[in-house]
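Construct the entire structure; sequences and hints are all you get.
Protein chains in written order, with the working numbering: chain A, 764 to 1168; chain B, 764 to 1168.
Everything labelled a hint here was simulated from the structure, so no lab data went into it.
Treat the hints with caution; some may be incorrect.
One copy or any two copies: either way a pair holds, since identical chains are not told apart in the list.
Stated by the list, open to error - Lysine to any residue pairs mimicking SDA-like chemistry, simulated, CA-CA at most 20 angstroms apart: (1) Lys-1026 to Gly-905; (2) Lys-897 to Asn-1022; (3) Lys-942 to Pro-1029; (4) Lys-1126 to Thr-1155; (5) Lys-869 to Lys-897; (6) Lys-1058 to Ile-1023; (7) Lys-1018 to Gly-865; (8) Lys-1006 to Asn-910; (9) Lys-806 to Arg-782; (10) Lys-1018 to Lys-1062; (11) Lys-897 to Ala-1069; (12) Lys-766 to Glu-1067; (13) Lys-921 to Asn-1022; (14) Lys-942 to Ser-1024; (15) Lys-806 to Asn-785; (16) Lys-1078 to Thr-1147; (17) Lys-806 to Asn-783; (18) Lys-1137 to Asp-915.
There are 2 protein chains.
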Amino acid sequence: MTKLEFNNELVQKYSNLTRNINEEFINIHPIQRGGILTAEAFKALIAFGDGYSLCDNCLKGRIDQIENPPVVGFLKDMAKFLNVDNVMPEASARESKRIVMGVLAKKFPKRSTVVIDSLAHYTTYLAIEANDLKLSEVPNSGDPEYNIDPNDYEKIIKEVLDADGELPLLVLLTHVDYKYGNYNDPRPIAKICQKYNIPFLLNAAYSAGTLPVDCKEFQVDFITCSGHKSMAASGPIGILGFKENYYDDIMNLSKIQGNISSKSFPSKICNVMGCPPVYGAPLITLMASFPSVVKRTEKELADEEAKKANYVIEKIKNVKGVRINGKLPKVHSLTNITTEGFAEVAKTHPRKGFFVRDEFKEKGIIGMLPGISKDMKYSTYGLTWGQIEHFTKSFIEIAEKYNLN
Amino acid sequence: MTKLEFNNELVQKYSNLTRNINEEFINIHPIQRGGILTAEAFKALIAFGDGYSLCDNCLKGRIDQIENPPVVGFLKDMAKFLNVDNVMPEASARESKRIVMGVLAKKFPKRSTVVIDSLAHYTTYLAIEANDLKLSEVPNSGDPEYNIDPNDYEKIIKEVLDADGELPLLVLLTHVDYKYGNYNDPRPIAKICQKYNIPFLLNAAYSAGTLPVDCKEFQVDFITCSGHKSMAASGPIGILGFKENYYDDIMNLSKIQGNISSKSFPSKICNVMGCPPVYGAPLITLMASFPSVVKRTEKELADEEAKKANYVIEKIKNVKGVRINGKLPKVHSLTNITTEGFAEVAKTHPRKGFFVRDEFKEKGIIGMLPGISKDMKYSTYGLTWGQIEHFTKSFIEIAEKYNLN
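This is the structure:
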């Protein structure tokens, strides 16, 4: 292939990358609903599209110290919103978890086990693995509720203490889990952690930005949040909130020095390789959406979103083969259902399991996994009541078409 | 403050975050020129603004394995472009360096020193610090050229061998440095690394995407690139290129397992917490700009950019108090000059050092650090010849205004 041919091929492949999902469809993709940009974020995205666009007026070489645009003030407002002593922007919630575990592993070198709920996101497991730590899971009640009993945390802590001869390094709770969208109250677990004096991290990737969150009330030491998952931000960006007593650990300033140049970087944060990697679009869209995010997490609006999720469930639960998985009534909009009726149909359908997605797409609804007919995970977060009605009606119509009513 | 007052305050602060730098000014900000979006990237940015927008058709839970949009094909094309066996998208070049050093530290636990050029970016130092490694700098020739002598690499390698009783863990060269924009030929250093059998990393954050890069010709084991710095991408995104023999180390699949749930994640990459955090805008804009980036790094166009940088230098070098720092002629557009004439003026100017930025801004040019008059770092990369003329003319006019001609 000549250079010219290669160049022409690249132009054909990459010069027209389009996406019209949210223009043409009702999008119920479970990880996308909370991250859909607000109008203000869209405007900011266009203004700050260039990679280093937030750094025009960076004077200190740290994005968290930029005054214009008002990053410093924003981080204070975000801390106030989460009701936590400090926040730092991070690459993601997963990266925040990795950092917290790394920090604690240095602080408590004898402790080596992280206690997690058994519905924790896979990135929680990977944060443990990346730090060469061990895990101990808190069980759940299994089908149909998959409930976590807070008292089991104490049981597992004791088991770890027995096995390791040391306390767990960290206790972690997934506030709303990725699979069933179950909501867990952090407070009883916080009490247990305080009794044993173990740091407590709340992974709020699905909740902070969609549900009320109050770190002081929850009594958590760390909170990890996701801008692109639940705060209407263009990703990737996470927020790590932490108590004052961990300030020096999280904001660990660089101490390394050049042996010839004598260069040193005492204002740079080692945990984030100097400056949190959220230079342009991620941080500015998080900031631009922030007023809407604060508003939408107020109890009345959050309750309204739960009402939508429960409405859909109420309407579709009697469709043949449908089972609702997870705790009811829903607090968070992420919903997991088994659709055995659809799976039956798929066995003889010419499009096999793909027929489910096809049928919904035909009705202007998108976001389910292609090829999957036996279960469905979706989120109704932020849909209008009209869209909720349409989704519900479509579900029932599709079921009726295949005699599943 | 009531809740309503807080909400209103947030709307006022964050709902109108605007930026018109590139619309209203010629932007010579040294870290921004290579990251300015192409028209194609802008279109993609708007289409894929939402956080998880690239994941519509993710079937395997790994962004690097998505076929639509064509991420898989893009990564192959990127590898072809860099002429390296494999590439992975990463959060940033700095994160790529951290990962490579971590991987090598596990592979060669007895080796503990990274040999770096003394003009390495601060994030190179922080990657070393984050991995609890030591460093040994290769000196530079100092004022005015700050040249790195490749032969010094061998000297330092021998010193490390003497001091540690082990070879260095890694040798790193900054292809084009952040401070003087000096271009370094990797080949003689690659030869030394091969002689001693030490892995060699080229940090190409400033070069890959603006200058021709060929990893096979350079004989490097690893290359780290920056999408937002030099590949016209909305950040943050880096590209890590690596040789086949490091595949299993870089793509280290998760082995952790839930002790109760038995959950495991054998397709997730531990080094990137599962899936590289570049879910939407960062990767899609990198892809959309890629055809232009490939084109602009061809020798003729790269030479034209060098010509622009050298043209400006030729015109301004005789201004009173101006000294050009770094090697000449320029290969890369990043230019560092001492402006002692401006510093003299600043002593008695009512705006002190800020007058320099004021004067240039008045002439429609922006991007220099506020308050700094004694030196100046700028990049002419991608400016049109008309803009180059205007910048040169403006520089001389400002000098003349203050009798520095």
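For each hint, the structure was consulted:
Taking the shortest Cα distances, Lys-1026 and Gly-905 sit within 20 angstroms of each other only across copies (14 angstroms), while inside one copy they are farther apart (56 angstroms). With identical chains, the CA atoms of Lys-897 and Asn-1022 are at most 20 angstroms apart between copies only, with a shortest distance of 10 angstroms across copies and 37 angstroms within one. With identical chains, the CA atoms of Lys-942 and Pro-1029 are at most 20 angstroms apart between copies only, with a shortest distance of 18 angstroms across copies and 42 angstroms within one. In this assembly of identical chains, Lys-1126 and Thr-1155 lie within 20 angstroms of each other by CA distance solely inside one copy; the values are 11 angstroms within and 60 angstroms between copies.
In this assembly of identical chains, the alpha carbons of Lys-869 and Lys-897 lie at most 20 angstroms apart whether taken from the same copy (15 angstroms) or from different copies (18 angstroms). Taking CA atoms no more than 20 angstroms apart as the test, Lys-1058 paired with Ile-1023 passes in neither setting, with 53 angstroms inside one copy and 39 angstroms between copies. For a Cα distance limit of 20 angstroms, the shortest separation of Lys-1018 from Gly-865 qualifies both inside one copy, at 17 angstroms, and across copies, at 19 angstroms. In the homo-oligomer, the alpha carbons of Lys-1006 and Asn-910 never lie at most 20 angstroms apart, since the shortest distance is 28 angstroms inside one protomer and 46 angstroms across protomers.
Both within a single protomer and between protomers do Lys-806 and Arg-782 lie at most 20 angstroms apart by alpha-carbon distance, with minima of 18 angstroms and 10 angstroms respectively. Taking CA atoms no more than 20 angstroms apart as the test, Lys-1018 paired with Lys-1062 passes in neither setting, with 45 angstroms inside one copy and 41 angstroms between copies. In this assembly of identical chains, Lys-897 and Ala-1069 lie within 20 angstroms of each other by CA distance neither inside one copy nor across copies; the values are 36 angstroms within and 53 angstroms between. For the homomeric pair Lys-766 and Glu-1067, the shortest alpha-carbon distance between copies (19 angstroms) is at most 20 angstroms, but the shortest distance inside one copy (57 angstroms) is not.
With identical chains, the CA atoms of Lys-921 and Asn-1022 are at most 20 angstroms apart between copies only, with a shortest distance of 16 angstroms across copies and 47 angstroms within one. Taking CA atoms no more than 20 angstroms apart as the test, Lys-942 paired with Ser-1024 passes between copies only; the shortest distance there is 13 angstroms, against 52 angstroms inside one copy. For the homomeric pair Lys-806 and Asn-785, the shortest alpha-carbon distances inside one copy (17 angstroms) and between copies (16 angstroms) are both at most 20 angstroms. With identical chains, the CA atoms of Lys-1078 and Thr-1147 are at most 20 angstroms apart within one copy only, with a shortest distance of 16 angstroms there and 62 angstroms across copies.
For the identical chains of this complex, Lys-806 and Asn-783 are neighbours both inside a copy (18 angstroms) and across copies (12 angstroms), given an alpha-carbon limit of 20 angstroms. With identical chains, the CA atoms of Lys-1137 and Asp-915 are never at most 20 angstroms apart, being 31 angstroms at best within one copy and 64 angstroms at best between copies.
In this structure, the earlier hints numbered 6, 8, 10, 11, 18 are contradicted, and the remaining ones agree with it.
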